[in-house]
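Asker: Sequence:
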Amino acid sequence: MAKQHKFTVTAARGMLPLLAEELKQLGIKNTKQDQGNIRFTGTLAEAYTVCLWSRVAIRVLLPIAHLTAETPEQLYEGINALPWEDHINELDSTIAVDFNSFRSKIKHTQYGAQRVKDAIVDRFRTLFGQRPSVDLYQPDVRINVYLKHNQATVSIDLSGESLHKRGYRVSNTAAPLKEHLAAAILLSAEWPKLARQGWALIDPMCGSGTFLIEAAMIAADIAPGILRDYYGFSFWKQHDKDIWKQLKADAERRRQAGLARCPVIVGGDADASAVEAAKNNIAEAGLSDRIHVSQRDLLEWPRLATELPKTGLFVCNPPYGERIGRTDELHYLYESLGNIINESFAGWRTALITDNAQLGKFTGLTLFDTVPFDNGPIACDVLFYRAPRPVRTNELTASPTQFVDDEEESREQAPVEMTEQGAMFANRLKKNKKHLAKWARKSGLSCYRVYDADLPDYALAIDLYDDHIHVQEYAPPKQIDPEKAVERLQEAMQIIPEVFEVPVTHVALKVRKKQRGKEQYEAQAAKNQRFEVRENGLRFWVNLTDYLDTGLFLDHRDTRQLVRELAKGKDFLNLFSYTGSASVYAAAGQARSTTSVDMSNTYLAWAEDNMKLNGFVGELHQYIRANCIEWLEQAQEDEKRYGLIFLDPPTFSNSSRMEGVFDIQRDHSTLIKQAGALLTSDGELIFSTNRRDFELDSDALNQFVIEDISTATIPRDFERNKKIHRCWRIKPRS
3 MAKQHKFTVT AARGMLPLLA EELKQLGIKN TKQDQGNIRF TGTLAEAYTV
53 CLWSRVAIRV LLPIAHLTAE TPEQLYEGIN ALPWEDHINE LDSTIAVDFN
103 SFRSKIKHTQ YGAQRVKDAI VDRFRTLFGQ RPSVDLYQPD VRINVYLKHN
153 QATVSIDLSG ESLHKRGYRV SNTAAPLKEH LAAAILLSAE WPKLARQGWA
203 LIDPMCGSGT FLIEAAMIAA DIAPGILRDY YGFSFWKQHD KDIWKQLKAD
253 AERRRQAGLA RCPVIVGGDA DASAVEAAKN NIAEAGLSDR IHVSQRDLLE
303 WPRLATELPK TGLFVCNPPY GERIGRTDEL HYLYESLGNI INESFAGWRT
353 ALITDNAQLG KFTGLTLFDT VPFDNGPIAC DVLFYRAPRP VRTNELTASP
403 TQFVDDEEES REQAPVEMTE QGAMFANRLK KNKKHLAKWA RKSGLSCYRV
453 YDADLPDYAL AIDLYDDHIH VQEYAPPKQI DPEKAVERLQ EAMQIIPEVF
503 EVPVTHVALK VRKKQRGKEQ YEAQAAKNQR FEVRENGLRF WVNLTDYLDT
553 GLFLDHRDTR QLVRELAKGK DFLNLFSYTG SASVYAAAGQ ARSTTSVDMS
603 NTYLAWAEDN MKLNGFVGEL HQYIRANCIE WLEQAQEDEK RYGLIFLDPP
653 TFSNSSRMEG VFDIQRDHST LIKQAGALLT SDGELIFSTN RRDFELDSDA
703 LNQFVIEDIS TATIPRDFER NKKIHRCWRI KPRS
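First residue of the sequence shown? That's 3 in this note's numbering, and the numbers climb one at a time after it.
Since the hints were made in silico from the structure, they are not lab data.
Values in this document were obtained by computation on a predicted structure and should not be read as measured data.
Please note: incorrect hints may appear among the correct ones.
Derived DSS-like pairs: lysine-lysine, alpha-carbon spacing no greater than 25 Å straight-line [to be verified]:
1. Lys34 - Lys5
2. Lys733 - Lys642
3. Lys250 - Lys26
4. Lys432 - Lys724
5. Lys281 - Lys167
6. Lys5 - Lys642
Listed next, with one range per pair, are the computed distances between beta-carbon atoms [unchecked claim]:
7. Gln153 - Arg127: 25 to 31 Å
8. Asn538 - Arg735: 31 to 37 Å
9. Ile666 - Ala359: 54 to 60 Å
10. Val172 - Phe364: 31 to 37 Å
11. Ile666 - Phe533: 29 to 35 Å
12. Val619 - Phe533: 20 to 26 Å
13. Glu709 - Ile666: 53 to 59 Å
Ideal Cβ positions, reconstructed from N, Cα and C, are used throughout, including at glycine.
Just need the whole structure built from these sequences, with the hints factored in.
Answerer: Right under this line is the structure:
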């Protein structure tokens, strides 16, 4: 078990609740909230995770000692006695000391910091004959001493410098918004949820682009610290480089995957120098193709409204009378903002930060919340307004996934510079593309697999869905350096859109991370980001970005075709029905009726939409939300019977009837028996699983005639991956 430490995470005024929720989302437990900070007990990996992923934290501290310091001499002696050689390298190291005092006898913080530095330096001079030097900017080790009531807490500052410094700010404007404050405002405005639902974002006074960049990083699941090249642990003696390397690699994978989910984010400013600064910062963040910025007066924004989604978040940091502009001149500005939103962005929410909440009344918008935050030394309020006329779900139409600013020059994608291995990968993609395209056209397919880990260096599965590409990375072997694996992935994600001649926004990388609670079923812009594909003359909705899977298992294409061939005149049952693709095939094969059973309302609604897309509606097509295992027992009691059953259960699933967890290997015979009991005398069950080491227990199923059809159901585009699934036809013995 990894060693446990105590850590302290600090935050600015008003941000502790957001920090507490962040730590919870990061899986950090054993937390205790104090004034201005949250303490937790955890591993070094968890502390590194906070440094990398927290959007509102300021510092992450590792307390190493507590001591009494009523006098400068007592402070010196206590610090000098600590084993600093366990934390600071003996040769050519640099240090810095932060000292703060609260109701203590040592009040002069600069003097206190000097005594702490002297104590550390003198210990090294005594032990090793040499001393570390001081670097106030980016030291190898930053020491934090907090003296409260003459009791000192001595910590290693793992953040090194404030975590609000993301690493993308290369250009500034007057009075820029701090990164952690912009993030806190967006989190308070529920931007993570709104972005998942496909809402857009506008900042019409974007300044140096902080709101825009933070919004994109949140929406695209980009770690706020991924661009930083310096942390306080980087040269700390106990730094675990392997843990950090793995965390950075995982964050880069999530960034690559999240970019495809980024909604429309648009900004502008009347000041040309601010627009230039914003573009520079956006480019440094690697988000130039996701965020659109142009010079634009405030009153010019309404004419863009028709090009943008009907729902969004209008967010800005207007001038304060305190710093920019005069208070008596700001009434008109706030009134103009309110008029623009009321008339042109009526389905949009609004968030404004101001040092004078009274100005907010001039917007004429309906205020629903106010949160106090500090913008540097200025006490401010963030005003959150409701949408003047909220858009109902049934009013939404497909939102644009790309926004082209008519004032921006179109940018051609620069040619990809490839390594030798990258060129081999590109050539393999071109060959596969050419080889499979003709077959797909003849087969009536607009979605199929074009690459399946053909080359060891590029362990990817690549599926084509019309003019969109879905990419999944196989887990790299443990012996492969995580950074090298990420470099290959980055190169692949540059090559793929070039080979297939699609925009980078049409390439979705899927990172399979552990889903919490209902996340795997949560609709995240499904109504805006799904699109239609064709397969064997049938039509299906797919969504490449917002769920664990796309909505259509391509490897089951031939299995579904078998369902169509067998379904005529039969009552068809689809267990664990997912998005109902097998039910569509059964209906197309003239099944008498279809019944789709699944635990997820999201997937059942998707299944019904797929059926409607193909013209299959009416009472003969039922959709039942239920635990399939429990439903089977009730169906048997109700003496339901079906001529054809499709059974493709998950490998694992929570179930109250199977010792708490359903395991396909352990429990398949029971499940097949229960489903088989619902077959008519001449009925047939098709059973499939994607568990690679699965073994069918034929002895336990001896009341059935079983035929292994695995090989016959592997489509042509999956020939490289014969173990993608196993499949059997099962009939009752006569």
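Asker: What's the verdict on lysine 281 and lysine 167, does the C-alpha distance respect the 25 Å limit or exceed it?
Answerer: This hinted pair holds, its Cα atoms lying about 18 Å apart.
Asker: Has the hinted range 31 to 37 Å been met by the Cβ atoms of asparagine 538 and arginine 735?
Answerer: 32 Å, holds
Asker: Decide if the proposed pair is consistent with the structure: lysine 733 and lysine 642, CA atoms, cutoff 25 Å inclusive.
Answerer: With a Cα-Cα distance of about 17 Å, the restraint between lysine 733 and lysine 642 holds, given a limit of 25 Å.
Asker: Do glutamine 153 and arginine 127 keep their Cβ atoms within the hinted range of 25 to 31 Å?
Answerer: Since glutamine 153 and arginine 127 have Cβ atoms about 28 Å apart, the given range 25 to 31 Å holds.
Asker: Is the gap between the beta carbons of valine 172 and phenylalanine 364 within 31 to 37 Å?
Answerer: 35 Å, holds
Asker: Just tell me: holds or violated, for the beta carbon distance of isoleucine 666 and phenylalanine 533 against 29 to 35 Å?
Answerer: The hinted range 29 to 35 Å holds for isoleucine 666 and phenylalanine 533, with Cβ atoms some 32 Å apart.
Asker: How does the Cβ-Cβ distance of valine 619 and phenylalanine 533 compare with 20 to 26 Å: does it lie in that range?
Answerer: 21 Å, holds
Asker: Holds or violated: 54 to 60 Å for the Cβ distance of isoleucine 666 and alanine 359?
Answerer: 58 Å, holds
Asker: Does lysine 34 pair with lysine 5 here, judged by a C-alpha cut-off of 25 Å?
Answerer: This hinted pair holds, its Cα atoms lying about 19 Å apart.
Asker: Is the gap between the beta carbons of glutamate 709 and isoleucine 666 within 53 to 59 Å?
Answerer: 19 Å, violated
Asker: Assess, step by step, whether the Cα of lysine 432 is no farther than 25 Å from the Cα of lysine 724, and give holds or violated.
Answerer: Between lysine 432 and lysine 724 the Cα gap is close to 23 Å, so the pair holds against 25 Å.
Asker: Going straight from one Cα to the other, do lysine 250 and lysine 26 come out at no more than 25 Å?
Answerer: Distance of about 20 Å is within 25 Å: holds.
Violation of the numbered hints given earlier is confined to hints 6 and 13; the remaining hints are satisfied by the structure.
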